[in-house]
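Protein chains: 2
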Amino acid sequence: MNNRFSDISMRVFPECYPCFVRQANIAMEVGGVNGDSVPRVMKSVFRCLERADYSNKTPAHVTSAMHRRIRRLLKADPFRGVKARYNSIALKMYPELKEKVATSPRPLITAARLAIAGNIIDFGIYDSVDIMGTVDRALDLNSALDVDDSDDFLLEVEEKEQVLYLLDNSGEVVFDRILIEELISRGRNVTAVVKAGPVINDCTMEDATGAGLAGLCKIIDNGSDHVGTILEQCSMGFQERFGRRDQLVISKGQGNFETLMHEGSRIYFLFQAKCLVVARLLGLGQGAMLLARGGKS
Amino acid sequence: MNNRFSDISMRVFPECYPCFVRQANIAMEVGGVNGDSVPRVMKSVFRCLERADYSNKTPAHVTSAMHRRIRRLLKADPFRGVKARYNSIALKMYPELKEKVATSPRPLITAARLAIAGNIIDFGIYDSVDIMGTVDRALDLNSALDVDDSDDFLLEVEEKEQVLYLLDNSGEVVFDRILIEELISRGRNVTAVVKAGPVINDCTMEDATGAGLAGLCKIIDNGSDHVGTILEQCSMGFQERFGRRDQLVISKGQGNFETLMHEGSRIYFLFQAKCLVVARLLGLGQGAMLLARGGKS
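Which chain is which? The protein sequence lines are A and B, in order. Residue numbers for the first sequence follow our numbering, so the first one is 3 and each next one is one higher. Residue numbers for the second sequence follow our numbering, so the first one is 3 and each next one is one higher.
By construction, these hints were calculated from the structure, which means they are not laboratory data. One or more hints might be untrue.
Straight-line C-alpha distance at most 30 Å; calculated BS3-like pairs for lysine-lysine [claimed, not checked]:
(1) B/K100 x A/K45
(2) A/K45 x B/K59
(3) A/K77 x B/K59
(4) B/K162 x B/K100
(5) A/K45 x B/K102
(6) A/K59 x B/K77
(7) B/K276 x A/K276
(8) B/K102 x B/K276
(9) A/K276 x A/K59
(10) B/K59 x B/K45
(11) A/K59 x B/K45
(12) A/K77 x B/K45
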């Protein structure tokens, strides 16, 4: 079980190439790029994708460079507005979500499932009504997660005082806040990790603060504006912090899973396998929900 | 009515960019490209897409150049095998399809609808059972086409002795053969048009011959290996032939529609709006079926 991801290697698969371009399109769309600017930005994206290194690199490496180029071209973060909106929508749901956790038989597990639900929800696609329906399905404790290491997770929360919590997206971070609050109420010392600079709709310090995390726990950045957590691109300070053996690491989202799956059994990955490539690698269906302990590093 | 497409202008929309790359992927997949060859070909595709001219060009212009580059890189036509297979599958269905037309109340309209059904069917996705189900739905004369100029079409077939029939894909060409046979049985003089060289799964002389068109009607090529019918890229001979005013033109498929929609009311477009962009331009749903007379040129 500790080596469940040892045979898996994330790399760029053929299906990733059109998805890269689709992601560039989304960035342009939410950033309000239109008219003649679309082919101008897209040509630059194609140049970036042509020059990318696809040998032994994850898709996160490629999309990090691509999104950086888009931000440079637009002279702005195209996702800034949408991130604030996602946080705002999720914050409106916060009281009801807190109530669901408080009244559930196993609040910590409920909060963990809620955090996975938060990763499922794409606030760009669903409206708030749909979000609540998705949450209800995720919180149905009679339905199994596709990979469920909840028991190990509960034990580790008991044993480890220190928790390093790698955040994923804005909006979703409000769901993470509820799990962080549960951990803190159990006396855990939580450090939340954000990106040092914007990339896609990933949580930065500003977004985490906007979601109410400031004052609740320590927030650090990983020194990087890359998709996922590409350790060699992170600051030395973060690498040192990440490397401590005496902590539980909670890793949210597919990007962090993609880049950290081989980094050891102290990591618990909470995410949905949103893309077909990752789901196939895992031997699961697209949309599978996981609370999965990592393999030995 | 004669100007139904006058307000429509086909160009490269944002959604087209990821679709270009998806098409390149399909070409590699059916052409058996794998391993390290995938990023090698894809990098070249990105270079091609970066250099493409997106101002006032149709998607067909861009994909024509891209597919030409892929063929050059592979030193082969990746679709050659799949085209022969599509023809073979469709030829097995030929006797049953002929019977359906022969026993229908309006054989010419049934054959036209069958030709549209042939455009609907993607032999790469459906197996032969599904194909027959799709055909049955298309031939249900109680269900309306989304655009139906059948009455005009019948009148024009009565009036015009000469028919220029622009073929689309292999496999589909067997369905076209049945409509061509109906036209010939009414004394029409049909000239079928194929591509001069391979592009995607479009019909070449070899494919048309394989589908049984040789000996049935005259077959000419358009002098081009472009997607659709980009007139300025076609041979002078074909341009002269296409320009004759006294003929009915039957144009099969979305690519031909995209490139010929403004070329006059003597053209009847038989196709399915397979892509969202074209469907949206037409104000129809994706998958809409059309037997549509063109606008004045």
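How the hints compare with the structure:
This hinted pair does not check out: B/K100 and A/K45 have alpha carbons roughly 49 Å apart, beyond 30 Å. For the hint pairing A/K45 with B/K59, the CA-to-CA distance comes to about 15 Å; that is within 30 Å, so the pair holds. A distance of roughly 28 Å separates the Cα atoms of A/K77 and B/K59; the hinted pair therefore holds under the 30 Å criterion. For the hint linking B/K162 to B/K100, the alpha-carbon distance of about 24 Å falls within 30 Å, and the restraint holds.
Between the alpha carbons of A/K45 and B/K102 the distance comes to roughly 49 Å, so the proposed pair goes past 30 Å and is violated. With a C-alpha separation of about 28 Å, the suggested pairing of A/K59 with B/K77 holds against the 30 Å cut-off. A C-alpha spacing of about 26 Å is found between B/K276 and A/K276, which places the hinted pair at or below 30 Å, so the restraint holds. Among the hinted pairs, B/K102 with B/K276 is consistent with the structure: their alpha-carbon atoms are about 25 Å apart, no more than 30 Å.
For the suggested pair A/K276 and A/K59, the alpha carbons sit about 20 Å apart, so the restraint of at most 30 Å is met. A C-alpha spacing of about 23 Å is found between B/K59 and B/K45, which places the hinted pair at or below 30 Å, so the restraint holds. The suggested pairing of A/K59 with B/K45 holds, with an alpha-carbon distance near 15 Å, which does not exceed 30 Å. A hinted pair counts as satisfied when its Cα atoms are at most 30 Å apart, and A/K77 with B/K45 qualifies at roughly 26 Å.
Hints 1, 5 from the list above are not met by this structure, while the remaining hints are.
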